[in-house]
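From just these sequences and the hints, can you work out the full model?
So the sequence lines, in the order shown, correspond to chains R and U.
Taken in order, the first sequence gives residues 1 to 241; the numbers are from this note's numbering.
Taken in order, the second sequence gives residues 1 to 241; the numbers are from this note's numbering.
FYI, nobody ran anything at the bench for these hints, they're computed from the structure.
The structure displayed is predicted, hence computed values, not measured ones.
Do not take every clue at face value.
One copy or two, either will do: identical chains are not told apart, so a pair holds if it fits within one copy or between any two.
Unchecked claim - Taking lysine to aspartate or glutamate pairs in the EDC-like style, the calculated list, with each CA pair at most 20 angstroms apart, reads:
(1) K113 with E217
(2) K167 with E129
(3) K167 with E130
(4) K102 with D27
(5) K240 with E107
(6) K35 with D95
(7) K77 with E45
(8) K113 with E214
(9) K137 with D155
(10) K178 with D95
(11) K167 with E107
(12) K199 with D155
(13) K151 with E190
Number of protein chains: 2
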Amino acid sequence: MNKKTKPNFKPYKKRSAHNYVFEMLKDYIISGVYKVGDQLPTEIELSQTLGISRAATREGLRELEGIGLITTVQGYKGGRFVNKIDSGIIVNGLDLLLQTQKASFDELMEARKAIECITVRMAALNRSEENLAAMSKVLNLRVDSKEEFYKKTFDLHEIVALASQNKVLFYIVQAIRKLIFQTYSNIALEENNIDLVMKTHYAIYSSIKNRDPEEAEKAMIFDIEAYRNLYLEVIEKHTKG
Amino acid sequence: MNKKTKPNFKPYKKRSAHNYVFEMLKDYIISGVYKVGDQLPTEIELSQTLGISRAATREGLRELEGIGLITTVQGYKGGRFVNKIDSGIIVNGLDLLLQTQKASFDELMEARKAIECITVRMAALNRSEENLAAMSKVLNLRVDSKEEFYKKTFDLHEIVALASQNKVLFYIVQAIRKLIFQTYSNIALEENNIDLVMKTHYAIYSSIKNRDPEEAEKAMIFDIEAYRNLYLEVIEKHTKG
DNA sequence: TTACATATAAATGTCTGACATAGCTATGAT
DNA sequence: ATCATAGCTATGTCAGACATTTATATGTAA
Numbered sequence: 001m002n003k004k005t006k007p008n009f010k011p012y013k014k015r016s017a018h019n020y021v022f023e024m025l026k027d028y029i030i031s032g033v034y035k036v037g038d039q040l041p042t043e044i045e046l047s048q049t050l051g052i053s054r055a056a057t058r059e060g061l062r063e064l065e066g067i068g069l070i071t072t073v074q075g076y077k078g079g080r081f082v083n084k085i086d087s088g089i090i091v092n093g094l095d096l097l098l099q100t101q102k103a104s105f106d107e108l109m110e111a112r113k114a115i116e117c118i119t120v121r122m123a124a125l126n127r128s129e130e131n132l133a134a135m136s137k138v139l140n141l142r143v144d145s146k147e148e149f150y151k152k153t154f155d156l157h158e159i160v161a162l163a164s165q166n167k168v169l170f171y172i173v174q175a176i177r178k179l180i181f182q183t184y185s186n187i188a189l190e191e192n193n194i195d196l197v198m199k200t201h202y203a204i205y206s207s208i209k210n211r212d213p214e215e216a217e218k219a220m221i222f223d224i225e226a227y228r229n230l231y232l233e234v235i236e237k238h239t240k241g
Numbered sequence: 001m002n003k004k005t006k007p008n009f010k011p012y013k014k015r016s017a018h019n020y021v022f023e024m025l026k027d028y029i030i031s032g033v034y035k036v037g038d039q040l041p042t043e044i045e046l047s048q049t050l051g052i053s054r055a056a057t058r059e060g061l062r063e064l065e066g067i068g069l070i071t072t073v074q075g076y077k078g079g080r081f082v083n084k085i086d087s088g089i090i091v092n093g094l095d096l097l098l099q100t101q102k103a104s105f106d107e108l109m110e111a112r113k114a115i116e117c118i119t120v121r122m123a124a125l126n127r128s129e130e131n132l133a134a135m136s137k138v139l140n141l142r143v144d145s146k147e148e149f150y151k152k153t154f155d156l157h158e159i160v161a162l163a164s165q166n167k168v169l170f171y172i173v174q175a176i177r178k179l180i181f182q183t184y185s186n187i188a189l190e191e192n193n194i195d196l197v198m199k200t201h202y203a204i205y206s207s208i209k210n211r212d213p214e215e216a217e218k219a220m221i222f223d224i225e226a227y228r229n230l231y232l233e234v235i236e237k238h239t240k241g
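Here it is in structure tokens:
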């Protein structure tokens with residue numbers, strides 16, 4: 001038997017201590033033993049229970065923190081707490097990726113348009129009555145500040161994506177939208193722009209209600225391009241002023 | 001001034017030691033000071049340079065490992081090495097998300113179809129001559145094993161996504177495809193299936209060459225649904241046998 | 001010469017135990 | 001009532017020793 005082809009038998013399952021902590025807690029969190037908001041055992045408890053030093057235990061916990069599964073809080077009543085697992089868990093990775101690969105604002109908006117358009121079409125075909133009710137409720141909300149209006153906009157798009165009845169698309173749309181708003185922040189809407197956005201949102205709602213994918217897509221395109229243009233205008237002003 | 005509204009002034013930027021290590025190295029990696037494959041300074045060097053204990057340094061490194069930026073290798077010629085930043089960096093997060101939210105195989109395939117269809121349409125409109133040449137080269141490759149055929153299939157879809165000229169879509173398509181193949185592994189293709197797939201791939205290539213988005217989308221749908229059906233057949237057999 | 005065993009080197013991995021710090025809570029003085 | 005303070009409980013940090021891993025170099029025997 002050649003040296004090169006000799007199989008490299010490894011001892012049965014000899015993981016490092018820190019990795020053991022990481023994998024074990026990850027599994028517990030994924031399988032729901034620890035739920036959102038739950039506090040993990042303290043470092044000391046964990047290390048004593050597992051027979052692993054505090055240092056190695058902390059390394060495992062730090063890796064969990066890296067992938068976004070837990071949050072660490074120092075001080076009295078502090079500890080490690082299980083995060084909610086939502087689209088946020090891919091936003092950082094996507095951000096990192098697009099930053100290093102130097103993706104442009106236009107590419108991001110184009111991708112958003114492409115994906116959110118197909119999503120709104122599916123929403124028009126698959127929406128439930130509850131989805132409609134939720135959209136209607138959000139549309140009829142009175143808002144008193146721009147912040148509330150942004151929130152309302154975010155919520156509406158979220159329900160639309162949800163109405164597609166496809167979780168994968170839902171989370172991807174959410175992630176892209178979050179990334180756009182966190183990277184390029186919110187534009188300063190003028191009163192007349194608010195009116196325009198509200199009309200467009202109502203058009204999206206109507207066409208979804210009428211199960212009309214063509215119209216829904218048109219309205220969505222209009223909405224997204226309006227945002228894009230507003231953003232570019234603001235940029236324009238800034239670079240000039 | 002009320003207690004509740006009293007601003008909580010924090011000392012100017014007092015980060016924890018481990019977080020300092022994490023952020024600093026992250027910035028260096030993102031900005032390209034450390035490039036793909038580069039070895040970071042050893043723990044000891046880092047901790048001595050920064051005046052931070054080895055334990056805290058290791059925690060920061062472990063967090064970097066969590067987000068997928070570096071890989072740790074033990075032993076002689078070991079160390080910490082900078083990873084390639086590609087779609088892989090979001091695959092784990094997406095996997096985690098879909099696992100906990102219990103997204104189905106069908107939802108994943110449907111999302112893939114939706115996104116890869118719009119991507120192939122854009123490819124048909126935006127493809128460059130280089131893209132065509134790359135596709136042609138892959139299509140004409142002789143393959144001797146199923147593994148090589150899988151690789152070939154993967155490469156073709158990758159070039160198609162690239163031809164859309166949109167990095168965001170490219171990475172999202174890649175991430176979804178990787179997730180599908182790593183989760184549901186590869187189906188056992190029969191000889192006649194290979195022929196079918198090759199014909200379909202050629203149809204995708206032709207329609208992109210002809211700048212025909214409609215035909216390109218049709219071919220892509222055919223390709224994806226064929227894969228889906230083959231997979232379901234295999235599952236069927238397994239549950240019966 | 002070749003194959004195999006062994007030593008070495010250079011990195012990460014682990015452990016212990018002490019002390020520092022953060023931040024909510026309760027207590028007591030004004 | 002308000003403010004300062006001490007205490008509690010968690011994480012944060014440190015120093016220093018020793019263990020483990022693994023490629024490479026070295027030596028040894030067939």
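Quiz item: Which of the numbered hints are not met once you compare them with the structure shown?
Solution: Failing hint: just 5.
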